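Undergrad: For the protein sequence lines, the chains are A and B, in the order given.
Going by the working numbering, the first residue of the first sequence is number 1, and it counts up by one from there.
Going by the working numbering, the first residue of the second sequence is number 1001, and it counts up by one from there.
Treat the hints loosely; a few may be bogus.
Calculated lysine to aspartate or glutamate pairs in the DMTMM-like style (CA-CA distance at most 20 Å, straight line) [as the list claims (entries may be wrong)]: (1) B:Lys1080 with A:Glu250; (2) B:Lys1089 with B:Glu1044; (3) B:Lys1080 with A:Glu35.
A short list of chain A residues far from chain B (calculated; beta carbon distances all over 12 Å) [what the hints assert, rightly or not]: (4) Ala39; (5) Met74; (6) Ile128; (7) Gly133; (8) Ala134; (9) Val135; (10) Arg146; (11) Ile147; (12) Pro159; (13) Trp231.
Source of the hints: derived by calculation from the structure; they are not laboratory data.
These numbers were taken from a predicted model, which means no experiment stands behind them.
Beta carbons: idealized from backbone N, C-alpha and C, even for Gly.
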Amino acid sequence: MRIRFALAAMLAAVVALSPSGAMAQSWSFPGLTNEEFKAIQPGGAPPARDLTGAWDPGQAGIAGGENYFTGRAMAPLTPLGKEMLSRNRPGHGPESAKVFDGNDPLTTRGDPSGFPRILNYEFRPTRIVQIPGAVLMMYSFNQTWRIIWTDGRPLPEDPDPRWFGYSVGRWVDDFNFVVDTVGMTDRTWVDSGGYPHSEGLRVQERYTRTSANVIELTVTIDDPQIYTKPWEARTRLPLKRLPDNADFLEQIYAASEVTEFKEDVAIKTKSDTP
Amino acid sequence: MTRIVVLTLAAVALLTGPAPVLAHHGAATFDTVGEITIKGTVTEWVWSNPHSVLKLDVKGEDGTVKAWSVATSNVADLSKRGWSRRTFKPGEEVTVLIQPAKSGQPVGMIRNVVLADGRKLQ
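If we strip away everything but chain A, and leave its shape as in the complex, we get (with noise of 0.2 Å):
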């Protein structure tokens, strides 16, 4: 009941949006109820060339499932995709696989989520952080951080493959953040459907600030070694606006963790388990 009351506490002070106080001062915020998120007005016309603040994608950040695979055309595989998406086992989408038998680096051996997969499950709420030179990306889920780098400089040609690649970011009008991001190990997956990527993807996210509780985010990925042409992973996911001083709740998918729900329940709910 305490959290309830907490809750809604922290809603009124979102909707409110007075970010210097309202908001009790509580610990670990777990993301916005569909009925909150719901809540949340557009509050007034946007600030320019600014996303500063805390925001939680809500629901639809979250799910890597049917909010997320309902209705979405994924683009066509090559040759090469329809190989990689053939030994992936993943626990949601199209391809999904039994508990017992999924290979998710992420939820069956505790990978990092990598980029852009962060976007596109487990998107939980995030705290952007603007400096000189840089935008900070901060999610709460699995404690994870990334750095869009907004001083001029090109993306590296050839670089080393990393698990949230090299991001660079600039502002093509007062509301209008793009961001491209390369050298993303092929390790990861793009989304928790299992589809695969090259360390050739491109990515580009596109942050619109429609008003000021509110950005809208569009993913779009182009690897033309796995997709026959360009898709949109988030088209316009709205994300909606939390007062400044949110903590948000830890959420770590720790490897020990992750090992002992496979070997506890998930291993034994298939059938020749002896």
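Model the placement of chain B on the given structure of chain A, informed by the hints.
TA: Showing chain B alone in chain A's frame:
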């Protein structure tokens, strides 16, 4: 006829009931069947990701005790619903509606839990 009505009601309940407690994997991937109610004594509450797990000892009609492990959602989604690390304590009696695994092993998905004081969690 009664059986048909019961099965129909069960099917309706499955279709119209609360959102699945186990959000990370759908029922199909978890390979569960039907629903059953188990009553037992909590031995451990594992508050973790990607799933929290309630472990309990369930005494059968023949007096033998079987150790069950029943899974629910992740820490963040459970927190939104008011569950916490302190929701269960070892030794507490609980009644759990679950979807058991088809394998027949004592594992399954939690649909809801009724605590000794009558409070229902889902």
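Undergrad: Hint by hint, which ones does the structure fall short of?
TA: Of the numbered hints, all hold.
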